[in-house]
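Listed in order, the protein sequences are those of chains A and B.
The numbering of the first sequence is my numbering, which starts it at 551 and goes up by one.
The numbering of the second sequence is my numbering, which starts it at 1098 and goes up by one.
By construction, these hints were calculated from the structure, which means they are not laboratory data.
Where is the CB? At the ideal position from N, CA and C, for every residue including glycine.
Among these hints, one or two may not hold up.
Heads up, simulated DSS-like pairs for lysine-lysine below, C-alpha to C-alpha not over 27 Å straight-line [as the list claims (entries may be wrong)]: (1) B/Lys-1331 with B/Lys-1163; (2) B/Lys-1471 with B/Lys-1387; (3) B/Lys-1115 with A/Lys-739; (4) B/Lys-1399 with A/Lys-652; (5) B/Lys-1608 with B/Lys-1309; (6) B/Lys-1399 with B/Lys-1440.
If you only want the chain A side, here are some residues facing chain B, beta carbon under 10 Å, derived [as the list claims (entries may be wrong)]: (7) Asn-602; (8) Glu-675; (9) Lys-685; (10) Leu-720; (11) Thr-721; (12) Arg-724; (13) Lys-739; (14) Met-768.
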Amino acid sequence: MHVEDQKQTSAKSDGFYCMNPEADLDSIYRSGSLSDVLRHTLEGAFSWQRRNETTLERTLNMPGLAPQWVAGLLAGGAMAHVEGKAIPLVEVLRTATKQSIKEVCLPIEGMLWGQAQVARTPVDEPIVFAIAAVKMRQGVVLQAQAALTGVWPSSVGLANAVAALAGGPLTPERISEVSAQVAEEVAPKENYLGSVEYRRAMASVLTRQALQMCLDGME
Amino acid sequence: MTLDTKTITLNINDQEMKVNASPRARLLDVLRDLNFMSVKQGCGTGDCGVCTVLLDGKPVRSCMTKVEQAAGHAITTLEGIQQGGALHPLQQAFIETGAIQCGFCTPAQLLTAKAFLDQNPNPGETEIREALSGVLCRCTAYVRVVEGVQRAAAVMRGESVPPVDHIAKIMPEDANQIDLPEAFRRPDGGTNPLPPLVYTPQEMTGMRVVGKPIVKFDAAKLAKGRPVFAGDLKFPDMLHGVLMTSPHAHARIKSIDASKAEALPGVHAVLTYENVKRVKHSSGGQSPPKPLPYDQVVLDDKLRFAGDRVAVVAAESVEIANEAIRLIEVEYEVLPVVVDAEKAMLDGAPVIHDEEDTEGIYDAAHNIVHHIEKEIGDVDGAFAAADHVFEGTYRTPKQQHAHLEPHVCLTWWDEDDRLVIRSSTQVPFHIRRMVAPLIGLPVQRIRVYKPRLGGGFGNKQEMTLEDMCSLLTLRTGRPVLMEYTRKQEFTSSRSRHPNVIRCRIAVKDGKVTATDIYTIGDTGAHGTQGLTVQMAGGLRGLTLYNSPNARYVTDVVYTNKPPSAAFRGYGAMQVQFGVEVLMEEAAEALGVDVVDFKRANWIRKGDPMRMAVALGEGREGFAQTLDSGDYGQLLDIGIKATNFEAKHTQYRQQTGSIRKGIGFSVTMHGSGVAGLDMAAATIKLNDGGFFNLAMGAVDCGTGSDTILAQIAGEVLGVPAEDFVVYSSDTDHTPFDKGAYASSTTYISGNAVRKTAMRVADQVREHAAAMLGLDDPASLVLQDRKVIAPDGQSVTMAEVAMSSLHQMNQHQIIASESHMSYQCPPPLAAQFAEVEVNTETGQVTVERLLMVADCGRVINPITAAGQVEGGMSQAWGFALCEDMVYDESGRQVNTRLGPYHIMKSNEAPSLDAIFVENDEPHGPLGAKSVGELVTDGGAPAIVSAIYNATGVWARDLPCYPEYLWRMLQNK
């Protein structure tokens, strides 16, 4: 899963879609390799102009430029290649070494995606946004992650509670259970668009709706 | 060349150009410096997209692109998309479909659409909306823009396209018998643009020029991106004026030292309160005598809102001016702040206007600038005798106009030592009169003119920059350009009045017998237009159901926020919101059908407008009756087009978290200010048979220049294109109060009609002499001819030739004025369909349909543009638009992104149906349409939310958390 030519913006390999950090988001958007849900994070509030101007690298350096997109990468379990090593992107984003990312690879096979958001209007910047990615094997969750925006001190973050879905079936009951835990986990800041209480409640509601969308995708 | 500049080679529209610029300079600035004036600045923060250009064929925002990033790439501006001098199919389609209103965002829309169609020649409507979403438009709601792209795509694919037209139908006696095109039922629920639909009574048919969808006269130059806006003109020795604003919402300047700023090379003037004469005035562009108080001065030592004027600098560049501002040393005494109007009225609240030289504040100690009480009949008696009493309190937001062109003003001395003010103003004549005493020049030495306006919506009815810019030219002797930043549009210009509306109605035997309304109008730091907005609101709110017993009490209150002033809707939007929702609540509580309840109570044709005398606009009004219109017609058509009754019943039964709702409202507005607004026009016949039409009327992008020419053309029997229209210039056009109060079609239109009638008389008289006839009145003007009863005729060109050069030589010319004591209300039924997510509280509007009676529809395409754009502003008023302040009085959402106005990819279906009625006072039967279209959206949406959820959203905007909490507490 290595992109040989740095000028190449993206490539599919071994079930991964690998992106050159210098690629602009529009070329990634149009690559045909993203799930509809992940692709949707680059639409709506995110205009064509912004996709053309913004490289993947910039969004990793400043996740606030495209928080829903970065949330999607985190939920999807994207890996960053740094100095020959593959490191989960979520770890890289916690460090100051993002400049040295050579490529970002996203698992694209067998993933179920779901997202949900609340905003004042359909393409207003979401007040809270949740995106979930679930990988199943033989009816059992192999891997599940959800990332949210609007509920953390920083612009985007993973909800750890969702990972607990791994090892069991994906059912509405289990989804409700982990979604309720997400409300405990998040640390929102209030602003004029939503109080702490509201954001916390929405973290749970939207995580559930996003995971439910994954479940619906199985059926 | 300064130290950090270098020579950069750019490829612009296939031409190689070398520029000396800082590599970090914005591409936007470099392109405008190179006179690519189609590239506009709307925000400078990347939110609006009107600066879009193509880089290697892809749209990018030139305000977010450094010039060094553009080097080595092909840059395309609108100036570069014409092919061999011919319009690009997109330009042609935008012109034809009415996609261009003010035209400020048009270049960016066209470029984005071009890039998109180059990639995708056969797009779906949703894809078009998504592609265009990066360019905001405040005028059109994108309806005709999408239609324009669809049309251009078809042309570019080689398909033939029909002429753009509206759907014309005959209005039957019974509105239930109308022939309704199936598309207007929206059977697929989609958002594809529909043509305007116009129902005309048989007796109103037969017009030749009026009623036709003539292309707006300014559309072609706007489609070409010509430099037609105030900021598109440059002088070689021009200075840039920049405003220093207050960081505090309430403060006194203890000391101000501008010496370092004045010493900065490139700085030519610094104005502060210390060196500008203190002349009390009010900034509202209204006819004199304007209501007191005159509570403003050009620059003051007391600052009353964050964004208030501290100083003004003129310098060689904006950058130098900004550096000078950083060098101005100000010591502030920070004062307590009050941003809530109800709290501002309490004992002990900070006193915002404690100065001694302002007269006419009702109760300065309680920040009450005006207190009005008006009553007719026996209100208390009617309440005492009522079967039922209902009441509710409603709140509306501080909405900002968000026109894409900021306020811009350019001033200079002309060769006769007269001051020229080129401004993005809606009121050139008021500006001339108002500026004169502030700058110490006689009115005679001032000329004000407006070029094309990039939207106004009332915000440009205020004097915001013209006084400061003029003073800078007077101090420096040089041309000065001033422009608000987008942040300053929020912090330093104007907004809609946030209102508290407490309504009470008495109901007896199903009839509303009394209405009692109390409003608090938050006028911000100054009282400009505060009285008139609230009185206009009271008049409309109380006339809608026209109770025989009615009371209106209002307090106009100062707060430490930017001044509220005129905004499309002008009080009527706020007060009718309260009245309409309360009527819905009352019907619900009574267990009666809301349609029947309103139908039993609304004003009818022939009824006196009972509050018209008590509530004039800032003064006593005039007796009036409703002389045209029928809400029943409008509502019946809307019910049919939305399948209202079935949906309304069905939606009440819903369970689950995603619920649909449908609602409606009825509203009215005015047409000009009765007994006050005056307009004039001049028409002159020229060689060749064409006419000059000179007017003081101001076209803000609405198409008024065009529709006024249509009125003249109808009278003179010539096509509208036979008029060369010039407006508005205090030196070269007759007076007009300006573009406000929904007055242009009605007041200016009547002035044009009367002028055209006088010219027609002159034409007939001369033609009769040419034909040897002695009865000029028997001649008919039609098809550019003057036709005698016996079939003889002369052409208009022959009349011009004869009258100017050959026989009884004289100039055929006339001027007429119009003022009216009648203010005919246009009427509307507004329908809304929504989807509510009860788990999150998010409301998504799926359809807005307005059935409007604006009298005679002069131009269906421009009228539909008003409806569509107005509904989009009402959508924002209901759902998202609000200027939010922290406790210190600083606005927290001073960018267009966080503020949020409608984007193309979230617009619901926005449909316009017109029902023509012949208004006896209107020009050829016309009434206004410009403000009516904003009034009904919010109550209709709230009605639909109730239908979906069973809760009343009484406070706007209806943010998700607000609704979510109400649903939690239900």
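Hints violated by the structure (numbers, ascending) = Of the numbered hints given earlier, those the structure breaks are 3, 4, 5, 9, 10, 11, 12, 13 and 14, listed in rising order.
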